[in-house]
Amino acid sequence: MEETELMALWKSYDRKLEQNLVLNRKNTEDITRMKIGSLLGSMKPVKLFTIIIGILWIAFVDTIIIATWSYASPFFLVSAIIQVLLTKAAIVVYAYQIILIYQTDISESLLKTQERIARLQSSTIQITRILFLQFPVWTTFYISDALIKNGGVTFYLIQGVVTAVLTFLAWWFFTNIKFENRDKNWFRLIFAGKEWEPTIHAMDLLGEIEGYKLVK
Amino acid sequence: MPLTRDAPTFLAVMEANKGIIYKVANAYCRDPENRKDLIQEIVIQLWLGFPKYDEQFRITTWMYRIALNVSISFYRKENVREKINAPLRPDIMDLTEDIGTPEPDSDIGTLHRFIRELREFDRAIILLYLEENSQQEIAEILGITSTNVSTKISRIKEQLKQKFQALKS
Chain Z
1 MEETELMALW KSYDRKLEQN LVLNRKNTED ITRMKIGSLL GSMKPVKLFT
51 IIIGILWIAF VDTIIIATWS YASPFFLVSA IIQVLLTKAA IVVYAYQIIL
101 IYQTDISESL LKTQERIARL QSSTIQITRI LFLQFPVWTT FYISDALIKN
151 GGVTFYLIQG VVTAVLTFLA WWFFTNIKFE NRDKNWFRLI FAGKEWEPTI
201 HAMDLLGEIE GYKLVK
Chain C
1001 MPLTRDAPTF LAVMEANKGI IYKVANAYCR DPENRKDLIQ EIVIQLWLGF
1051 PKYDEQFRIT TWMYRIALNV SISFYRKENV REKINAPLRP DIMDLTEDIG
1101 TPEPDSDIGT LHRFIRELRE FDRAIILLYL EENSQQEIAE ILGITSTNVS
1151 TKISRIKEQL KQKFQALKS
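Just so you know, the sequences run in chain order Z and C.
Under my numbering, the residue at position 8 of the first sequence is numbered 8, and the numbers go up by one with no gaps.
Under my numbering, the residue at position 135 of the second sequence is numbered 1135, and the numbers go up by one with no gaps.
Don't read these hints as lab results, they were simulated from the structure.
In this text the structure is predicted, and so the values were computed from the model without any measurement.
Please note: incorrect hints may appear among the correct ones.
[To be verified] Below 20 Å or equal to it, Euclidean Cα-Cα: the simulated SDA-like pairs (lysine to any residue) are:
1) C:K1052 <-> Z:Y102
2) C:K1157 <-> Z:T4
3) C:K1157 <-> C:E1132
4) Z:K213 <-> C:R1155
5) Z:K178 <-> Z:E195
6) C:K1036 <-> Z:E29
7) Z:K16 <-> C:G1019
8) Z:K16 <-> C:I1108
9) Z:K112 <-> C:T1145
10) Z:K26 <-> C:D1006
11) Z:K112 <-> C:T1060
12) Z:K112 <-> C:T1061
13) C:K1036 <-> C:L1011
14) C:K1161 <-> Z:M7
15) C:K1168 <-> C:D1094
16) C:K1157 <-> Z:G211
17) Z:K178 <-> Z:R129
18) C:K1052 <-> Z:E108
19) Z:K112 <-> C:E1132
20) C:K1036 <-> Z:N20
Just chain C, with the same shape it has in the complex (with noise of 0.2 Å):
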């Protein structure tokens, strides 16, 4: 069946999903209120393709693709809605406890820490695959073939291990 292109059916779509904008924004902003800033900036974008989204994709896929590349861009500075017309509270997400940014001394703080410092492609795959898509998937939203995917997580996952041992030793 068609997904209905209609407000409800997108803030369904982001509820189901949420997660995916929060993790991209967390891997390429670091700064809590740029990170805000971000999300909104993602979730406008997600808006405005709403309508032209491809079924044939899935529509994490499609998620996936516009906030990563929102992030990327976002990342660079450049390519940002400075002015919108109407003028918005930032917070679109919420996190009932403080979860978003862990302990800098915790594993998971240290991981998120090395995948920020990963150039920002292999940070999208290292994303994608830590958040369990396929190799094809990856393909998909990144535009390359499943081999050269295969290729870079086994290099980025190799990068982790060092760094993670590096640390302990």
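So that you can see chain Z by itself, here it is in the shape it has in the complex (with noise of 0.2 Å):
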């Protein structure tokens, strides 16, 4: 199809579209005197809820570290901060993504405001490889003065065997989960599912812009 033949096949939907289209006036005064919901209200409830859990957990562990401190076990103890202290940042670094994204101006160029709240989205992940560096105090928190006395060379081994493979895992995420990687198999697999579908439709998005900035 040519130029012409396709200016002319969209100018003939146009003249049909523009003959028929109706704007209901009613529905839309309806839009100009209403009250717009505020960031909390507009937000998905699955989010809210994720950060309501998140600060739940936050208060329920620092509460077991405030009272068990005088008794509890080293181990314990050091586990429970590190798990504590990733969740709340990646609670921090959760909330201040959505806000961010909720004030963007969707006013500005596409190309702007795309790579804005596509560079944010995409950066969820960024949360999820801090959460995977509490793999190994899963592994640790347990350990009491007693196992250790008591433990044994088999207890050593396995102890010493999935905390060496969790801690590599752990290490092995955090510095794999990134956008240059976003095409490999095992990221797509880790990250399937609807609930990231968003996110890594941002990272495609990102690979569109990176295009676009490319052409001069």
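With the hints as a guide, bring both chains together as one complex.
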């Protein structure tokens, strides 16, 4: 199809559309009268739920740390402190990203706005990286003085291997979960599922934006 | 004369440019029900942004920017206002006859399909081009150079041409 045919085709569609499209004034007026919900009100419930659960978890672990400070095993205390600090970091980053996304000025140019939103969305991946770092502490929090004294070689061997493997995995995920690896199979496998679709889509969009920046 | 930022002026602007909203929503959202939601979201964002509209840009440039930004974000199902305090009837626009979703086999239906198959920014460019916006306007809406726009338009037109040719052969 030649350019002139393309334009003529679009124009004929446009004419039909203009003749038949009716703006529902009543419903549009309703929009100008309504009160727009606050950020909190407009957020997806699942996001609010995630933040609330995160805060409750932090409060729970903090309470246990304070309550057992004088007598708990150092392994438990150190593991719990590391876990709760990582969760706090993740929650702060998550909440900050959501606020920035909602505050984005959408009357700015397409590339600028979409790059900002897509970068913020794709940085949700950063939260996952942070959370992966807590892997090893889930293998150390239960170690008590008694276990150290009476565990024996088998305990030390199994404990050592499990902690070492999870430490390696935590470090590997932390260093490899990044934008550049988004097309790798293992990456797509980890971030499969509906809840990750917007993030993965945002990453693909960033790829498209990069392509646009390269054309001069 | 500066534009008054009240509801009647906003309604007049919407009335005069309703086609922009519909065509952008149609390019990014195939499903009629989701499209109604998208149109509603665009109109809400236009109303919210109306007091801040910068008159150094044409009103259509401002509208395209918001409509396209909302559509691209909506497409990612992320930046959508899920809950609105006052419940709304979503049909902001009606078609007196069903020409919004043309027959899939017709030329215009095929063109719509090919446009929807393009990546987000390419889709925006060809839509703005078909709407006869100048390269300078397209550049302003997208935030890229006119030269970049020109290169992109040529490539997308070539893509569309090849797709039509492949279809005919």
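Hint check results:
no.	hint	verdict
1	C:K1052 <-> Z:Y102	holds (16 Å)
2	C:K1157 <-> Z:T4	holds (11 Å)
3	C:K1157 <-> C:E1132	holds (14 Å)
4	Z:K213 <-> C:R1155	holds (16 Å)
5	Z:K178 <-> Z:E195	holds (18 Å)
6	C:K1036 <-> Z:E29	holds (16 Å)
7	Z:K16 <-> C:G1019	holds (11 Å)
8	Z:K16 <-> C:I1108	holds (12 Å)
9	Z:K112 <-> C:T1145	holds (13 Å)
10	Z:K26 <-> C:D1006	holds (16 Å)
11	Z:K112 <-> C:T1060	holds (18 Å)
12	Z:K112 <-> C:T1061	holds (15 Å)
13	C:K1036 <-> C:L1011	holds (18 Å)
14	C:K1161 <-> Z:M7	holds (12 Å)
15	C:K1168 <-> C:D1094	violated (34 Å)
16	C:K1157 <-> Z:G211	holds (18 Å)
17	Z:K178 <-> Z:R129	holds (9 Å)
18	C:K1052 <-> Z:E108	holds (11 Å)
19	Z:K112 <-> C:E1132	violated (23 Å)
20	C:K1036 <-> Z:N20	holds (16 Å)
Checked against the numbered hints given earlier, the structure breaks hints 15 and 19 and satisfies all the rest.
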